[in-house]
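**Q** Given only the sequences and the hints, what does the whole structure look like? Please build it.
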Amino acid sequence: MANHPDPKHRHTMEETSPRLTLQPDTDGAQVQLLGRWTAARLADPAAWASIQETLAAAAPPVSTAWRWDLQGVERLDHTGAQLLWNAWGRQWPAHVALSPPQRAILERVARFTVEPPAPQKRGAWGLFLLLGSMVLLVTDHLVDVTRLLGQLVLDLRRLIGTPRDGPWRDVSGHLFNIGARALPITALVGFLIGVVLAYLMSQQLRQFGADAFIVNIMGIALIRELGPLLAAILIAGRSGSSITAQIGVMRVTEELDAMRVMGIAHGFRLVLPRAMAMAVAMPLISVWTTLAALLGGMLAADLTIGVTPAFFVEMLPKVTQVSNLTLAVGKSVVFGVLIALIGCHYGLRVKPNTESLGHGTTASVVTSITVVILVDALFAVVFKNVGI
Amino acid sequence: MSAASQSDTPFAISTIMPPSKEPVVQVKKLWSAFKTAGRMAIVHKDLDLTIESGDLLSIVGGSGSGKTVLLRQILGLEQPARGEVTVLGKPAARLGDKGAASRVGMLFQHGALFSAFTVLENIAFPLRELKTLPDALVRDAALVKLQMVGLGPAQAHKMPADLSGGMIKRVALARALIMDPPLLLLDEPTAGLDPDSADAFCALLRSLHRELGLTVVMVTHDLDTLFELSTKVAVLADRHVVVCAAPRDVIAYPHPFIHDFFLGERGQRSMELLREYPFAV
Chain P
1261 MANHPDPKHR HTMEETSPRL TLQPDTDGAQ VQLLGRWTAA RLADPAAWAS
1311 IQETLAAAAP PVSTAWRWDL QGVERLDHTG AQLLWNAWGR QWPAHVALSP
1361 PQRAILERVA RFTVEPPAPQ KRGAWGLFLL LGSMVLLVTD HLVDVTRLLG
1411 QLVLDLRRLI GTPRDGPWRD VSGHLFNIGA RALPITALVG FLIGVVLAYL
1461 MSQQLRQFGA DAFIVNIMGI ALIRELGPLL AAILIAGRSG SSITAQIGVM
1511 RVTEELDAMR VMGIAHGFRL VLPRAMAMAV AMPLISVWTT LAALLGGMLA
1561 ADLTIGVTPA FFVEMLPKVT QVSNLTLAVG KSVVFGVLIA LIGCHYGLRV
1611 KPNTESLGHG TTASVVTSIT VVILVDALFA VVFKNVGI
Chain D
180 MSAASQSDTP FAISTIMPPS KEPVVQVKKL WSAFKTAGRM AIVHKDLDLT
230 IESGDLLSIV GGSGSGKTVL LRQILGLEQP ARGEVTVLGK PAARLGDKGA
280 ASRVGMLFQH GALFSAFTVL ENIAFPLREL KTLPDALVRD AALVKLQMVG
330 LGPAQAHKMP ADLSGGMIKR VALARALIMD PPLLLLDEPT AGLDPDSADA
380 FCALLRSLHR ELGLTVVMVT HDLDTLFELS TKVAVLADRH VVVCAAPRDV
430 IAYPHPFIHD FFLGERGQRS MELLREYPFA V
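Chains P and D, in that order, give the protein sequences. Be aware that the first sequence starts at 1261, since it is given in the working numbering, and climbs by one per residue. Be aware that the second sequence starts at 180, since it is given in the working numbering, and climbs by one per residue.
I should point out that these hints are in silico values taken from the structure, not numbers from a laboratory. For clarity, every value in this text was computed on a predicted model and none was experimentally measured. The beta-carbon is built from N, C-alpha and C at its ideal position, and this holds for glycine as well. Any given hint could turn out to be false.
Derived pair list, reagent style EDC-like, types lysine to aspartate or glutamate, alpha-carbon separation capped at 20 Å [said to hold, decoys possible]:
id : chain 1 : residue 1 : chain 2 : residue 2
1  : D       : Lys-277   : D       : Asp-227
2  : P       : Lys-1381  : D       : Glu-300
3  : P       : Lys-1611  : P       : Glu-1515
4  : D       : Lys-337   : P       : Glu-1615
Which stretches of chain P does chain D cover? Using the computed rule of at least three CB atoms under 8 Å from a CB of chain D, they are [stated by the list, open to error]:
id : stretch
5  : 1296-1306
6  : 1374-1381
7  : 1607-1614
**A** Pasting the structure below:
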């Protein structure tokens, strides 16, 4: 056993890769381990495959009878020791030659190798409890949103009482970020939707010779429905997510706790300015998007069916009542406040870890878009007699 | 040769360490500079430091003396302005190449556990990323490391958010050690731990250092940790390493910072407390 090759003379990758040689003899086999039995070397697919092949033949009743020689091993780490220990069926073989440090590692692995605790399984009762916890979670969300809304109303009253103490700098900052910075993207999307809609409609209307009705359709559809909805969806994706992420990071970095300790209310300093900025910016962006869409529709109508821009502009006020615009602006204010509230709600619920932050941001965007569409449907039903 | 005949030496220095004579970390003529408020602030100037294999070296220095920057440069996370940092015979910048976990382990100050993973997945992550080793082996190896740092298998499926500060440090240490790297770096290992946990963590570090034959480099402000663990202390002041020697020799070194740091009011007070209540500390 003493005449194993000297490790100092082995340098190339092949010579240091872990391997074992098996020599059958009268009462079993002589197994010699060579190379570096470390995680990094074992992970080499070629080395791993050949070791697995040999070890597979060494299932416990056999392997315990074999004679194992580890003295040629250049380096043994805990992963290599674990591999051996598992191959031995988690017991010492009768014959093993190793150095004291190798024994120390193997003994540590032997001491600490345990069956992993089973992950908790869910039975029928568990599923029932899961259902219950989901119901409680939904209730919790609703209670939280209601509380947030109530706090917003109280904060608004406080603001009206003492307007000089309001967070006006925050409001103007958010107004710029939510409103002014969103103008290019909303205009682009609105314009393109207008073009697409006018192009599709003109194809259909031409078949009935009702070319001129393009103005009616575009006027009602864009001003009343699509403009506000498009703007709200874009802003929910753009600013709703950013509100959640901002407030969520403040939770992760304990800024929210710092504010509370200083006696500064989250509602008044974080939720109120964002809700106010949204309530102001959202109707303006909605009108802006509608204008861009009408422009796109006007150009497409001119190009496809020859409805001139002059005719379009002249007919639009005649076929579309002003109440449509009023309704759109009113709707947008509600959308804006809802997006801000939902963004703040999910932001404030973020737990201080990164996963929760990502989860909260996703949930915030999905929820606010869904809620915007739901509320839009509600508006359509309630105001079905207005403006048409 | 039978299994029972060799069990008389349970904890010898292991063969994990590569048998090499060259130093584990060598820093030569290092310059570090940062731009703050429009002008360059030089943090290190011609800094030299050599860390021998098997050392347990503490880096101490005042606030802003660039201790953590030095640690990050040893890890290759930051590039020095001038000079070179060699780790395990290679430039530090190449430390982050594939398989880095088998060369160096780092315990970050706040653990830096991946919050989306369970404790066991965190520890097993570097091994699992090798993509070859089977899940069962990776899991067994991670469970061994979990218990080596003094945590029970019952903690394996917890999320990092559910752990206490001391447990986070232990799990982070287990993750740093999963591939048995010869070099372990620690940034404020006992910061944020209560005295009991800090003592237990120190004992753990010392036993791992002895059993695994690690080279350990740590940045710490905690005098107790410093004296309990270090075989060497490197003092950063005046933009370079003033002295790097055994703790006893460092205290005796004549330098104003060393005098203030070790023999200042705080040091004196803790010594007095030690004298008054010999069993309380």
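**Q** If a hint holds in the structure, say so; if it does not, say that too.
**A** Results of checking the hints against the structure:
About 28 Å separates the Cα atoms of Lys-277 (chain D) and Asp-227 (chain D), which puts this hinted pair outside 20 Å; it is violated. At most 20 Å may separate the alpha-carbon atoms for a hinted pair to count; Lys-1381 (chain P) and Glu-300 (chain D) meet this at roughly 19 Å. Straight-line distance between C-alpha atoms of Lys-1611 (chain P) and Glu-1515 (chain P) comes to about 13 Å, which keeps the hinted pair within the 20 Å bound. For a cut-off of 20 Å, the pair hint linking Lys-337 (chain D) to Glu-1615 (chain P) stands: about 15 Å separates their Cα positions.
For the stretch 1296-1306 of chain P, the stated coverage by chain D is satisfied: 7 residues place a CB nearer than 8 Å to a CB of that chain, which reaches the threshold of 3. Coverage of the stretch 1374-1381 of chain P by chain D holds [criterion: at least 3 residues with CB-CB distance below 8 Å; count 5]. Beta-carbon proximity to chain D at under 8 Å applies to 4 residues in the stretch 1607-1614 of chain P; the threshold of 3 is reached and the given coverage holds.
The structure is inconsistent with hint 1 alone, although it conforms to all the rest.
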